[in-house]
Structure formats: C-alpha cells, structure tokens
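Enquirer: Please put together the full structure from these sequences, using the hints given.
Protein chains in written order, with this note's numbering: chain V, 1 to 156; chain D, 1 to 786.
Bear in mind the hints are in silico, worked out from the structure with no lab data behind them. Since the model is a prediction, treat every value here as computed from it, not as a measurement. Just so you know, not all the hints are guaranteed correct.
So, partial list: chain V residues that the calculated Cβ filter (under 10 Å) puts toward chain D [unchecked claim]:
{"no.": "1", "residue": "G34"}
{"no.": "2", "residue": "V51"}
{"no.": "3", "residue": "Q87"}
{"no.": "4", "residue": "Q97"}
{"no.": "5", "residue": "F112"}
{"no.": "6", "residue": "L113"}
{"no.": "7", "residue": "T136"}
{"no.": "8", "residue": "I141"}
Cβ atoms here follow ideal geometry from the backbone N, Cα and C, with glycine treated the same way.
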Amino acid sequence: MTTSLMINGEERSLTCDPRTPLVDVLRNELRLTGTRNVCREGYCGACSVHVDGKPMSSCLLPVGTLEGRDIVTIEGISQGDKLDVIQQAFIDLDVIQCGMCFPGMVMTLRPFLRDNPSPSRDAVKFALVGNVCRCTGYERIIDAVMSVVDATEVTE
Amino acid sequence: MSDQSFADKAVMDFPRRDAHDKVTGRTRFTVDIGGSEVLHAALLRSDHASARIIKLDVEPARKMPGVRAIATGSDVPGRYGIGIADYTLLAKDVVRYHGEPIAAIAADTLEQARAALDAIELELEPLPASLTMADSLAENATLVHPDWQDYEVLFEGGVRGGNIAWEATVERGDTDAAFAREDVTIVEGFYEVGRQSHVPFEPRAAVASFEDGRYHIHASTQVPWTVRTVTARVLGVPESHVRVTVPTVGGGFGLKFDASIEPCAAVLARMTGRPVSIINSRREEQMTCLSRENAEIRIRSAVTSEGEIVGREATVLMDCGAYGGEQVFLTTMTTHTLGGNYKLGAVRICSRAVYTNTPPNGAFRACNGVYNTFALERHTDEIADAIGMDRMEFRRRHVLGDQDISATGQVYDGDVLAPMLERMEVLRAKSGSRKDLAGNRFYGEATTVGTWLIFVGPSAATVNLNYDGSATLVTTGVELGQGTMMQALPQIVAANLGIAPEDVIVKTADTDAAGRDLGVGGGRTTVSIGAASEAACTVVRDKLLGVASEILQTPKKDLVLARGRIEIKGRPGSGTTIQQVVAEAESRFGPISGSGSFTTPPFECMPGCTAGHFIDAIEPVFAVHNCELAIDPDTGKVDILAYRVVQDVGRALNPRAIHGQIQGGVVQGFGYALHEEITINETGAFDQTGFENYLLPLATDSIPVEFDLYEGAPAVGPFGTKGAGEIPILNVAAAIGCAVANATGKQVSSMPLTPPKIAALIDDCNPPLQHDHISPVWSENTIERK
Ligand code: FES
Ligand code: FES
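Expert: In structure tokens:
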C-alpha cells in the first residue's frame with residue numbers, strides 16, 4: 001500500500017505496511033534520524049513531529065493514517081544555519097547534555113510559544129510534561145525558554 | 001600538580017561544540033548508524049529465572065526469511081567479569097535470570113530477526129530460584145553458581161563462597177571493646193533500598209563489522225577498553241584483534257560501564273561478513289537494566305554523650321543479581337561511603353555482593369554511595385536524637401576534618417566538610433525558609449553530608465600540535481552528555497598551550513588511536529584524562545619552547561605561551577606565533593607531539609585493615625545537601641519546596657556545566673527517593689517494563705536547585721579540579737529521607753518513599769524492617785570467621 005504525504009515540504013510516497021509507526025519510517029526509510037525513538041509508548045516526546053502544525057508523538061502514528069497530511073520533523077525546523085530562537089537559546093545557555101530529548105523539546109515548544117507568547121514558568125513546565133529528559137533536571141531548559149519569552153516581551 | 005598560573009588562563013564556561021547538531025537532530029548516535037548493508041540482530045531471552053536448557057534447536061530459524069546467521073553459547077564460549085569470570089554472554093546449559101540471552105539472530109531486517117526468534121525450538125526445565133538475598137542466604141539455599149569455585153579469579157584478595165560472589169571487609173581498632181564501654185549509648189538501625197534503572201535515552205547499542213581480520217565495534221559505551229577486553233575474552237581472540245570506537249553517546253549514568261551486547265554483534269559480523277547492529281528495545285533495556293542494586297544495611301554505633309563515635313559496625317548486602325558484575329567491585333565502596341563523613345574510633349564493616357536469580361545489577365551514578373549515604377545519615381539523625389543533641393550540631397562537631405583518619409586509616413588533608421556546612425547555613429539563610437509554602441501539610445527539613453571519591457586509574461593522552469597552530473587531543477574519553485570532552489578537556493589543553501579552546505580538536509574514542517583508559521564514569525574523566533592531557537601538553541610545551549628559545553635568543557624560563565603566541569615575559573608582541581615555531585620545528589626534527597599518562601596517585605591506608613578491597617585509599621569529594629519538603633498527610637505525596645547543594649568541586653573550570661550536572665543529578669535523585677520503583681515478580685522479572693510504569697521525574701517534578709561551589713579543597717586533578725558529574729545525586733535520598741523523618745516524626749528506613757509508603761508511615765502501618773539473614777553478631781556475617 002502507498003501513502004502519500006508531505007515531509008518537510010517535499011511530497012513523498014511511502015510503500016510500507018500502513019501500520020508502521022511514522023517514527024520508524026522517518027528513521028529507517030528516510031534516514032531522518034533527528035526524530036528520536038526512545039519509549040515507543042507516547043510518554044517521552046523524543047519522537048515529536050508536527051502534523052499539520054500540531055506536535056504529535058510519531059511513535060503512535062501509523063503511517064497509513066497520514067495520507068495527505070503535512071509532516072515537519074526537526075530537520076525541517078531550521079533553515080540552513082538559521083535556527084529557531086528556542087534552539088539558539090538552548091545553545092546560548094549551554095543547557096544541552098546528551099541531547100537525545102532536545103529535538104522533541106524543540107518540536108513541542110515551538111508551537112507552544114507561537115500560541116502562548118508570554119507563558120509563566122509553570123505554564124512552560126506543564127507544556128513539557130510530555131517531554132521527558134533524563135539528563136538535565138529541566139530547570140535550565142525552562143530558563144532558556146524564559147529567556148526567549150522575556151526577549152519577545154521586550155520587542156513587542 | 002598543575003601550575004596555577006595556567007588555570008588563570010583557562011577560558012571559563014567554554015560552550016559545548018556539539019550543541020548545534022544536538023539541537024537540530026543531526027548528531028548521529030550509535031542507534032542512528034544504518035544503511036542497507038547493515039544487518040539487524042535480535043536476542044532470544046529466557047523467560048525463566050532459573051532453568052536448565054533441555055533443548056535449543058536453531059535449525060528451523062535458519063530457514064526463516066532474511067536470516068543470515070545465528071549465534072549461541074558455543075560461539076561465545078569465554079567467561080568474563082569483574083574480579084571473577086562468572087559471566088557468560090549467551091547462556092549455556094542453564095539460565096540464571098529472566099531476560100538472560102540464549103541466542104542471537106542476524107537478519108536483513110529487525111522484523112525478520114524477531115520473527116526468526118520464534119522459530120527457535122527452546123525447552124527450559126524450571127529449577128528452584130533464589131529471587132531475594134534472604135533466599136540466597138538461607139540455610140541450604142539453592143546455589144546460583146554451583147561451580148563458583150571453578151571460575152577464574154581476575155583480581156586476588158576477595159573472599160567468596162556459595163551465593164556470596166564477593167566480600168570486602170575493613171576492621172580497624174577494637175570494636176568489641178568500644179561497644180563494651182560503660183559510657184556509651186548504642187544505636188542500631190536497619191535500612192533497605194530498591195533498584196533504580198538508568199533509562200539513558202539511547203539504549204545500549206552496538207554496530208560491529210569484521211574488517212581485515214579484526215573486529216570493529218561502534219558501541220554506545222562508557223568503557224571502550226572493557227568492551228575490547230571482554231569481546232576478545234568471550235570470542236577467544238587476542239585483544240589486539242578488536243577495535244572499539246565510540247560515537248556520541250546518548251546518556252549512560254553508569255549503565256554503559258560494562259560490556260553487554262557488543263560481543264554478540266561482533267560474532268555475528270564475523271559469521272556474515274556484514275555489519276551487524278544490535279539495539280536493545282526499550283523493553284529489553286528496562287528488563288535487563290544493570291540497575292543500581294537493591295541493598296540491605298545494618299549499622300550499629302557506640303556513641304559517647306558528647307557524640308564521639310567510639311565504635312561502629314556495619315553489614316551491607318548488595319544484590320548483584322545472577323552474575324557478579326560491578327557489585328563485586330562496589331563492595332569496596334561501602335568502606336569509603338558508609339565508612340565516610342564522620343570521625344570513627346574502632347570500625348568494622350562487611351560488604352557482600354550476593355548472587356540471586358534476578359537480572360544482574362551494575363553501576364549507577366554515585367553507585368553504592370547513594371544508599372549508604374541514606375542509611376548513614378538516617379542513622380546519624382537517630383544517634384543525635386538518642387544522645388539529645390541537635391542534628392546539625394552533631395554534624396558540625398563530628399564530620400571528618402584535617403588530619404582525621406578514614407575508615408581504612410588514611411589521613412585526610414584539609415578541613416572541608418565543616419566549612420561546607422557553614423556555607424550551607426549561609427546559602428540557606430540567603431534564600432530563607434520555604435515553610436510557608438507547606439500550608440496545612442507536614443513540613444520537614446534536613447541537612448545531610450556525603451563522602452564520595454574520585455575514581456582515578458589509568459588514562460593516556462597524546463597531543464599533536466598541528467601545522468596551523470591548532471592541537472589535536474587523542475584519548476579514549478567518551479562524550480556521554482556530561483560535556484567533559486567538549487568543555488573541560490579542550491579548556492585544559494588550551495590553557496596549557498596558550499591557544500584558544502576552539503583550536504583544540506578532541507578526537508572521539510578509538511582504541512586503535514589512544515592508550516588504555518579505565519573509562520568514563522565515577523567523575524574521573526576531568527581528573528584522570530585531564531591529568532594525562534596535561535602531562536602530554538608538558539611534553540609539547542617543552543619542545544615548543546626549546547625551539548622558540550633559540551629563535552628568540554631567550555631562555556625557556558623567560559618565555560610565555562598565550563593567545564597562540566610565544567612571547568618574551570613582560571614584553572608583549574616581542575615574540576612569534578606558535579605556528580612559526582611549529583614550522584621551524586618541523587624543518588629541524590619534525591612535527592611536535594607529546595604523550596602523557598596518569599594513574600592512581602599513591603594514597604595510603606593503614607596496612608592490614610582491609611580485605612577484598614579494590615581501592616584502599618581515596619581522594620575524597622564531599623557534598624552537603626539541604627532539603628525542605630511538604631507531605632500531604634492524606635495521600636503521602638511529597639513536594640520538594642527547596643533544594644540546596646554545597647559541592648566540593650576542587651576548582652570550577654566550567655561553572656555552567658557543573659550547574660547542569662547538579663540540577664540533573666539532583667532531579668535523578670528525586671526520582672530515586674520518591675517514585676522510581678522496581679519490583680520483581682514471582683517469575684523473577686521486573687514489573688516495570690517501560691515509561692508507563694517506571695516513573696521518571698517530569699518537568700513538573702523538578703525545582704531549581706540552589707547551589708554553591710566550594711573551591712580550594714586538596715585535589716590531584718589538573719588545576720585542582722575534581723569530578724563534578726557523579727556526586728550531585730549522592731545525598732539526595734539521604735536529604736529527602738531525613739526530611740521526611742523530620743516532617744512525620746517517624747522512622748524512615750527504606751527507599752523509594754512512594755506516596756503509599758509514606759501514607760502507611762504516617763499511619764504507623766509499615767512493619768518494622770526485619771533482616772533475619774543479617775546476624776546481630778557482626779562476625780557471623782563474614783565468611784572467614786564462620
Ligand atoms: S518515542 Fe514516542 S513518545 Fe517516546
Ligand atoms: S539531554 Fe539527555 S535526555 Fe535530555
């Protein structure tokens with residue numbers, strides 16, 4: 001069976017078992033390995049992608065259900081050297097450790113900050129309950145988010 | 001010891017160069033190595049805790065689609081281990097734990113490999129199983145290794161017997177006499193803790209190939225040299241036939257401090273002539289995690305009314321699971337952790353690694369120290385209460401200080417813990433009590449101390465000074481996420497050579513390129529690899545200055561290296577560039593490079609007081625933690641209101657990175673103390689098989705940790721540094737356990753403190769701990785005296 005969908009702005013036709021989780025197709029067929037495969041149960045958020053602009057866990061998405069949808073992965077977020085502000089903030093504040101969870105963090109936070117331009121610290125934490133990080137203990141990630149939020153407020 | 005003036009040149013807070021690729025998803029971990037040429041392997045695992053293999057017929061599986069090779073126990077015959085070679089890679093004749101691998105299949109796809117596993121004809125005949133340490137220590141207990149006496153001993157000195165894989169003891173002074181004194185109060189405590197699973201986001205993984213007659217393994221490991229040694233042992237080939245390289249590792253926390261699946265990938269690669277990838281599924285990773293071990297602890301102390309601990313004895317049982325592994329080594333650690341913190345008169349401690357038919361345990365960040373610190377600090381509070389002394393006052397008076405002796409009789413240099421306790425008071429005063437936030441809930445607070453050590457051991461480094469004035473550092477250090485390879489090491493090399501850290505290239509680990517190294521763990525990388533790197537830089541600098549001295553007609557001692565130039569002291573701009581000196585050196589004798597090495601410094605203990613120890617004397621590292629928390633009296637749920645850390649860092653080369661380690665380590669400790677629980681069911685398997693029921697801390701469970709970095713304690717590391725990544729988790733369970741005891745007024749003696757356990761504690765429904773298999777007579781818990 002063939003599924004046609006957009007991935008990072010390119011039209012792709014995928015011929016595989018329609019039950020295959022999207023994360024496996026991205027990683028194994030398309031070699032887009034930035035989408036991480038960690039818990040495969042929908043809890044960790046490391047496999048987050050955007051489906052029609054909404055963050056979703058790609059380990060829970062059978063490819064056959066995605067006909068005609070618009071998928072963006074972490075590889076589709078930054079254009080060349082130009083990073084998203086939140087990616088830049090993670091680098092500038094030196095918050096990254098092993099880095100496995102960070103693509104998923106970016107995929108969750110980008111739409112969250114678009115919809116909530118000036119969230120409280122607690123609101124950011126709640127937004128991240130579906131993104132587990134084993135290394136950092138979160139607070140410096142939140143610091144980085146708040147640094148972007150504050151900056152946005154200043155420019156507005 | 002380093003020249004302090006170099007330290008002043010170190011670029012502080014050097015950013016990590018792997019950040020960009022990590023945040024854009026470009027970093028390739030071992031699990032990301034792929035391509036159509038790579039075969040995928042899956043492992044057949046036991047679903048019994050203890051059984052005889054009656055039948056293992058792999059022939060039907062060979063006919064399955066896509067199958068390229070199958071390995072069983074006879075393909076990987078050699079035994080390996082730490083201290084004793086008791087480990088088999090693939091089970092032969094018997095299985096000893098649920099999840100033990102029996103066969104490995106390589107196929108074109110992972111699905112095909114998994115499907116083929118089902119075609120293997122396996123018959124297991126159940127045997128009696130010892131699932132707990134109490135089972136294993138019972139009279140007439142089933143032996144997990146009936147042939148234990150035949151195993152090769154890899155490290156002499158341990159006492160072993162039956163289900164005791166290893167026993168380490170320390171005895172200093174006359175403990176019986178101390179307990180017999182008329183003027184002492186005797187305080188006794190029992191404690192027990194469960195396992196903790198590391199859950200690195202990248203599971204254990206390896207991709208192996210067989211190239212030019214040698215094995216090449218890309219492994220997600222902390223110990224490339226151990227993987228090399230173990231692979232050679234189990235395959236029965238010379239170690240020189242194995243090459244291990246390590247891409248970026250997605251977290252380790254100690255789980256990857258031992259070899260596991262790598263040799264399986266290697267043998268399948270030889271059989272097929274193709275690269276073979278083995279990646280543990282999350283379920284396999286959880287079910288066979290080399291966890292932080294469960295442990296049972298008894299401590300007894302004789303204390304004067306002033307709080308002087310004139311006698312202390314302890315027995316610590318550590319569950320090593322079905323094979324000895326890391327616990328054999330960790331028996332040593334009890335002496336330094338449980339035997340740490342306080343001045344002791346006479347002391348005797350016995351630490352035993354006990355075989356059970358459960359998944360083998362391993363090393364986990366501040367391994368052994370975390371629970372022994374919990375037990376010791378709870379016991380300390382009970383001592384203070386028993387003699388009617390304030391708990392803080394007791395600690396202020398009795399923590400180890402300058403010229404005090406450790407449990408093994410080593411003389412410690414410097415007053416560190418007492419001033420750290422003072423710094424904690426300052427930190428606490430600065431941020432103020434959070435008691436208000438508790439509202440109607442129970443409120444508790446505690447301050448605890450902890451002793452850890454720097455694992456030293458061998459490291460090697462080579463520095464090549466390149467034609468362009470940059471330097472390449474070659475070691476077998478591994479970047480796990482801790483940042484050492486990205487930050488501390490380039491900072492150290494740069495400061496030593498007077499170049500920018502951006503101009504230091506750090507080669508990823510390759511056992512073909514660098515000398516042997518014990519591995520990345522225990523907070524040793526900055527210290528050991530850092531010191532080896534510094535030694536290599538000394539050689540390079542010497543050659544460089546030799547040539548420069550001739551060019552500039554100035555004695556070496558009057559030359560300084562800075563900003564990529566060699567200047568005559570006090571006359572900036574007078575000299576020449578490093579690049580020009582390198583060019584000159586090349587024309588005279590060739591490129592400039594240097595090698596250096598490091599190993600355990602000669603710390604000394606009191607001779608004759610230890611048995612079965614791998615390390616008798618240490619460089620201590622200390623931590624003081626403070627916790628304020630609130631407990632919901634109905635649900636037993638704990639909220640951490642404040643968490644404060646004063647950490648002995650020697651010297652902070654990268655305070656931002658250390659902050660990251662403290663925040664991350666403390667939150668991992670929250671999980672250990674409060675909700676990361678592993679239970680073992682009657683089949684010998686873990687009930688917690690994934691993220692759904694193994695509860696990791698979430699963003700909403702963390703709070704910002706307040707911290708103060710204590711600098712200036714004696715340290716052997718470059719520029720006086722100490723490892724900072726291991727210790728942040730050390731006293732978290734202790735601080736939380738003591739704060740819960742403080743809040744509830746109850747005895748807290750076990751971990752984790754899940755809400756049901758705390759609710760039962762409040763209602764006095766928890767039965768007191770009973771460890772009938774630990775004798776009240778200390779010597780009856782040791783093998784040699786029985
Ligand atoms: S891998 Fe999809 S949520 Fe964890
Ligand atoms: S940085 Fe390692 S899991 Fe988040």
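Enquirer: All the hints need checking, so say for each whether the structure fits it.
Expert: Verification of the supplied hints:
With its C-beta approaching chain D no nearer than about 2 Å, G34/V sits inside the 10 Å limit, and its interface hint holds. With its C-beta approaching chain D no nearer than about 17 Å, V51/V sits outside the 10 Å limit, and its interface hint is violated. The beta carbon of Q87/V is positioned within 10 Å of a beta carbon in chain D (closest approach about 5 Å), and the interface hint is therefore held. Satisfaction of the interface hint for Q97/V is found here, the shortest Cβ-Cβ separation to chain D being roughly 4 Å, below the 10 Å cut-off.
Look at F112/V: its Cβ only gets to about 12 Å from chain D, farther than 10 Å, so that hint breaks. With its C-beta approaching chain D no nearer than about 15 Å, L113/V sits outside the 10 Å limit, and its interface hint is violated. For T136/V, the interface hint holds, since its Cβ comes within 10 Å of a Cβ in chain D; the closest pair sits about 5 Å apart. With 10 Å as the threshold, the beta carbon of I141/V comes within range of chain D, its nearest partner Cβ sitting at about 8 Å, so the hint holds.
The structure shown violates the earlier hints numbered 2, 5 and 6.
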